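> Now for the letters of each chain:
There are 2 protein chains.
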Amino acid sequence: MPVLPQGYTIRRLEPQDYDGVVETLKVLTVVGNVTRSQFEETLNYWKETTVKIGVHSIPAYNPHVIVDDSDRVVATGTVFIERKIIRDCGLVGHVEDIAVAKDQQGKQLGLLLIQHLTKLAHDQGAYKVILDCDDKNVGFYEKCGYRRCGVEMDHRL
Amino acid sequence: MPVLPQGYTIRRLEPQDYDGVVETLKVLTVVGNVTRSQFEETLNYWKETTVKIGVHSIPAYNPHVIVDDSDRVVATGTVFIERKIIRDCGLVGHVEDIAVAKDQQGKQLGLLLIQHLTKLAHDQGAYKVILDCDDKNVGFYEKCGYRRCGVEMDHRL
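One line per chain: the protein sequences are L and U, in this order.
Each residue of the first sequence is one higher than the last, beginning at 1006 in the working numbering.
Each residue of the second sequence is one higher than the last, beginning at 1006 in the working numbering.
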């Protein structure tokens, strides 16, 4: 079982992670000009958005970071919970936007983060957790316990 | 351009669609024992869940049905809107749970519903709309304007 390097921790994303998260996400894709205030507004939206099931309420968005011993963000990723009608009004976790800082590769941080988010979604009641990835990353996600189950398609204007 | 058959309409899913939606979703997968009260509770949750961007607010869940001239559900599907940090705090539409009643195949209802949900998500500001499908349905979604862009993977307990 892989473990976090000494001094590293996984925790929920917080407003003070602005610089680290924006920088880390650039490894993955175009981030754009996200200001600190837009970042904080998004975090607030994520925080107040819940999935209600009867009297229970769980967070819909679960953004997390791995930080090193100086609280610097070294990896980020999220899982959000969708509520459906099918499967007895089942919940599905969607893992999104996994990124590991370039100088932190090889420490299995991606795998540890995926395992953490996947367990979190199942603990919240998700009957399955899904994610979309490039063909070249299938092997990595198989090591995380995922299996290939379909094709992702997109539509852009 | 395909058009809806005479008397058919696309509209947002309503509580009175319980029987028709549950029956139609069975074409797709296991629905389970979803009671009318669970169905209504889910609809209420979907209705009150919004995506906030500054002072604007849009529905996060956009469940729709196609009904025939007697208001019977003949197709159902949804698109929900995820708010991200990447792409300038961009929005992504997720098309989910598309099902067409067995006796209604061949009328292009699936295509019309997908086009409607895709346009709706873009109108709400989504920079892309994604969906996951079986390999055998890739051709159908290509006709809807989608293109293959990745692999879907899942994790189940």
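No wet-lab data here; the hints were simulated from the structure.
This structure is a prediction, so every number in the text was calculated from the model and none was measured.
Among the hints, a few may not be true.
When chains are identical, the list treats them as one kind, so a pair holds in a single copy or across two.
Stated by the list, open to error - Straight-line alpha carbon distances no greater than 27 Å define the calculated DSS-like cross-link-like pairs of lysine-lysine that follow: (1) Lys1031 - Lys1057; (2) Lys1107 - Lys1057; (3) Lys1148 - Lys1057; (4) Lys1112 - Lys1052; (5) Lys1133 - Lys1052; (6) Lys1112 - Lys1057; (7) Lys1148 - Lys1112.
> Against each hint, give a clear statement of whether it holds in the structure.
Verification of the hints:
In this assembly of identical chains, the alpha carbons of Lys1031 and Lys1057 lie at most 27 Å apart only when taken from different copies (24 Å versus 33 Å within one copy). Taking identical chains as interchangeable, the C-alpha atoms of Lys1107 and Lys1057 are never at most 27 Å apart, the minima being 38 Å within one chain and 32 Å between chains. In this homomeric assembly, Lys1148 and Lys1057 never come within 27 Å of each other (Cα to Cα): the closest approach is 32 Å inside a single copy and 36 Å across copies. Taking the shortest Cα distances, Lys1112 and Lys1052 never come within 27 Å of each other, neither inside one copy (29 Å) nor across copies (43 Å).
With identical chains, the CA atoms of Lys1133 and Lys1052 are at most 27 Å apart both within one copy (22 Å) and between copies (24 Å). For a Cα distance limit of 27 Å, the shortest separation of Lys1112 from Lys1057 qualifies neither inside one copy, at 37 Å, nor across copies, at 37 Å. Taking the closest pair of Cα atoms, Lys1148 and Lys1112 come within 27 Å of each other only inside a single copy of the chain (14 Å); across copies the shortest separation is 43 Å, beyond that limit.
Hint violations for this structure: numbers 2, 3, 4, 6, all remaining hints satisfied.
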